[in-house]
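Residue numbers (this note's numbering), protein chains in the order written: chain U, 28 to 334; chain Y, 28 to 334.
Hints in this document: simulated from the structure, not taken from any laboratory.
Each hint should be verified, as a subset may be incorrect.
[Unchecked claim] List of simulated lysine-lysine pairs, DSS-like, C-alpha gap at most 27 angstroms:
(1) Y:Lys256 with Y:Lys174
(2) Y:Lys256 with U:Lys174
(3) Y:Lys69 with U:Lys174
(4) U:Lys69 with U:Lys174
(5) U:Lys256 with Y:Lys174
Next come the chains, spelled out residue by residue.
Protein chains: 2
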Amino acid sequence: MLYLIGIGLSDPEDVTVRGLELIRSSARVFLDAYTSILSVGKDRLEEFYGRPVELADRDLVEQGDVILAAAQSADVSFLVVGDPLGATTHADLAMRARQRGVAYRVVHNASVLTAVASCGLQLYTFGETVSVPFWDAVSRPSSFLDKLLGNWERNLHTLCLLDIRVREPTMESLLRGRPEFEPPRFMSCSVAAEQLLALLAEVSAAEDNADLLAESDAAELRNRLNRRKQLPPPERLLTVGLARLGSPDERIAACSLADMASRDLGPPLHSLVVPAPRLHPVEAEFLRQFADTEADAALVDASAAER
Amino acid sequence: MLYLIGIGLSDPEDVTVRGLELIRSSARVFLDAYTSILSVGKDRLEEFYGRPVELADRDLVEQGDVILAAAQSADVSFLVVGDPLGATTHADLAMRARQRGVAYRVVHNASVLTAVASCGLQLYTFGETVSVPFWDAVSRPSSFLDKLLGNWERNLHTLCLLDIRVREPTMESLLRGRPEFEPPRFMSCSVAAEQLLALLAEVSAAEDNADLLAESDAAELRNRLNRRKQLPPPERLLTVGLARLGSPDERIAACSLADMASRDLGPPLHSLVVPAPRLHPVEAEFLRQFADTEADAALVDASAAER
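Produce the complete structure using the sequences and hints provided.
Rendered as structure tokens:
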């Protein structure tokens, strides 16, 4: 039997009582170590569970053979930060288990997708969740902005999940054919805000040059520009940064997008929310407790007043 | 201190280890008994926690005084099925605690909003969540259909949370001025499907009579009709029924809306999903395991093929 067990968001004690029983009675225990992380390391988990924990990197999970072969003859626990089927790769593991005749069972747990309610925004007024990837020299994906605008137009909040890079091989090591790994990277709210600011600045720049483009390109570009222009300027666009949700040193900050680019919310993991343009008064009242300055509080109040 | 503690979706063992510690060290323990339920009663919880549990009905929570007064001088646990801030009323309780100078802390847990991934549909392709209320002789709310269509148009799934009525006073008893309560009611997937079928039938009927209405009404009506007409006929509209998610006798069924109206998925709680018109192949492959008949499986395959 394969148990896909959510271990929550922060500490070893966030596992459920049932999850802990199953971990302790499993022959082998794997931990997904690349889609998310807890604030504690493998050692603390092993100590708390009283069991050895094997780290599973992307290859081990995506190939799946080691885990599924073990689960064919004994109980195996596969631990996931958050709720187990939140990432495509874990749904895929469950499906392949089934194809090989290995029964699986999911033990649910908290997820950032609902823990985000700690900022006071109501879950039923969130639209589609988006992922913000790290930009690099060759690639600057921006499709998340279009999804964000789709939510904004319908007065829905957007939760932005921020990129995590764990065990990424360096370009040089790939060329040498012997992989060495980059240090892990976790996108902060300030980096996410910087990327969003850069995108919005590009919109303005592109607008100035739209008449240089071929007519068909220009029409499509103008359409995108018009959608993006709905957003207020960065100094008046409210954002909410969430760091270490569910942990004792959780930190939530509500401020403008422009300010978020220079806020330090401390160690990972971070998530960013772009609230809907018009907040419910109760949402605004709750959110105001996370405004550090008078300017931040005024911005929250303005979002409620525009309703 | 007020602890808002999520207790998960099904069994007493679904509480987290931290949640259990806090419950056991609290002076008083309240259980929200009206926004959702576990599959077990108060007795099983008390036995498992080793603490008396006080049921909190809507009035007790919305007035809040009893709970907040207790939390002013001692540790109080307020237990909620799912993740604690999922319902507006609990965010409101946290805010009023803060206003009275009572510190609160949230202990997160699993929620149907993410456990729904057990059917194989990816969480990041869900749009806005909707609530389907029971209809009665005087009121037939239908705004959830417009939200569902908003998701459908953007190729997003819709999770429909189905109505729960606990401790509703009878009309007669209200007239007599001494409340007596209706037996609790939990909307099943089949009742939700029936209401949706009735709404869609009304669309067809209204269409036939649109020319009888005043011109301005007719234009608005025609706009709504045109949006609703995007949906395929009920025999070809794929739905997913989810019953007792996260419990050992969880039941998931994928079939047409027309068929869902006569499927019996057993005891509560139920939720209904209307998947996006075009599924990812991996979503369809996962979902197919919940198709009971060949016709159901063909409907799932058709949703993937249209992508």
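Each hint, compared with the structure:
no.: 1; hint: Y:Lys256 with Y:Lys174; in the structure: holds (14 angstroms)
no.: 2; hint: Y:Lys256 with U:Lys174; in the structure: holds (25 angstroms)
no.: 3; hint: Y:Lys69 with U:Lys174; in the structure: violated (43 angstroms)
no.: 4; hint: U:Lys69 with U:Lys174; in the structure: violated (36 angstroms)
no.: 5; hint: U:Lys256 with Y:Lys174; in the structure: holds (24 angstroms)
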